[in-house]
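Engineer: Residue numbering for the sequence shown follows numbering that gives the first Met the number 0, starting at 0 and increasing by one per position.
You may find that some hints are simply not true.
Listed next, with one range per pair, are the computed distances between beta-carbon atoms [claimed, not checked]: (1) Gln122 with Arg82: 25 to 31 Å; (2) Leu97 with Ser117: 30 to 36 Å; (3) Gly166 with Val93: 26 to 32 Å; (4) Val76 with Phe29: 42 to 48 Å; (5) Val76 with Ala132: 31 to 37 Å; (6) Pro105 with Gly35: 28 to 34 Å; (7) Gly16 with Ile136: 39 to 45 Å; (8) Ile169 with Leu18: 18 to 24 Å; (9) Tyr225 with Pro42: 44 to 50 Å; (10) Ala37 with Gly116: 32 to 38 Å; (11) Ile136 with Leu18: 35 to 41 Å; (12) Thr98 with Tyr230: 16 to 22 Å; (13) Ala37 with Ala13: 34 to 40 Å; (14) Val172 with Ala13: 29 to 35 Å.
In case anyone wonders, no lab produced these hints; they're calculated from the structure. All figures in this text were calculated on a predicted structure; none of them were measured in a lab. Think of the CB as a built atom: it goes at the ideal place given N, C-alpha and C, for glycine as much as any other residue.
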Amino acid sequence: MSVVEDFGVASGPARPGWLELGVAAATAVFLYLVGGVAAYFVPEDFPIALGHVNFLISGLAPLGGFAAAVLVRFRDVRPFGLRHTSLLWLLTGVVIGLTCFGLSWPVSAIFDPLFPGSEGVQQPYRDAARSGAVSLIVAVGLGGILTPLGEEALFRGVLATFLFRWGSCISVVFSAAVFAVAHGINSVMPLALMIGLANGVLLWRSGSIWPAVMVHIAYNSAGILYHGLGY
């Protein structure tokens, strides 16, 4: 029996369907829009940095979509990949996340020329990481932990598990592509695609979203700390 069949998302009624996907997508889009409008009106002298606000939106909006998908029918998180996994899988996720962080330089060197004018896309996040020790800690908490939890819950927990009905390759590739495009058509997109592919494979092989969450936490936290140190 395959890992996906053990996972319970390849067949049977206890898997995310069109209802869960539609509710999750609609809820997340609505929350992203509300958050985006709120962030637009944040004054420059607001005590919370714009990067922190964006991190908060990036975590809470997909978490809201995930919660709506869970509540609409199952009221159980296990069909969405929130299952226990081994310490080895979690450590594997950390190693892969740090490896992806190291690969971000060559990936950026190759693809950044294809996205001229997008150099400042990540600047609010960098500013939040560089605004002192407290700001850095908040940035790690929001961008390094909350955002990965939210994005993996939505893009792997709902979308990828839904797509497993058409096979693991379809699920891994298409969920990663949607995840990448959701980050915008800019220089971040190839990096998001790299993370999405790695996390889709981990979900497929482990049967749990937690290794993917660890990849995302390690990758985001490493980037925030790197910029927080002034690089």
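Engineer: All hints, please: hold or fail.
Structural biologist: Tested hints:
Between Gln122 and Arg82 the beta carbon distance is about 38 Å. The supplied range of 25 to 31 Å is therefore violated. The hint said 30 to 36 Å for the Cβ distance between Leu97 and Ser117, and at roughly 25 Å that hint is violated. Separated by about 28 Å at the C-beta atoms, Gly166 and Val93 satisfy the suggested range of 26 to 32 Å. At about 21 Å, the beta-carbon gap between Val76 and Phe29 misses the expected band of 42 to 48 Å.
A hinted range of 31 to 37 Å holds for the C-beta pair Val76 and Ala132, which are about 35 Å apart. At roughly 32 Å, the beta carbons of Pro105 and Gly35 sit within the given window of 28 to 34 Å. The supplied range of 39 to 45 Å is met by Gly16 and Ile136, whose beta-carbon atoms lie about 40 Å from each other. At roughly 20 Å, the beta-carbon separation of Ile169 and Leu18 lies within the given 18 to 24 Å, and the hint holds.
The beta-carbon spacing between Tyr225 and Pro42, approximately 29 Å, falls outside the hinted interval of 44 to 50 Å. The hint said 32 to 38 Å for the Cβ distance between Ala37 and Gly116, and at roughly 26 Å that hint is violated. A hinted range of 35 to 41 Å holds for the C-beta pair Ile136 and Leu18, which are about 39 Å apart. Between Thr98 and Tyr230 the C-beta distance comes to about 19 Å, which sits within the given range of 16 to 22 Å.
For Ala37 paired with Ala13, a C-beta distance near 36 Å keeps the hint of 34 to 40 Å intact. Here the CB-CB span from Val172 to Ala13 is close to 24 Å, at odds with the stated 29 to 35 Å.
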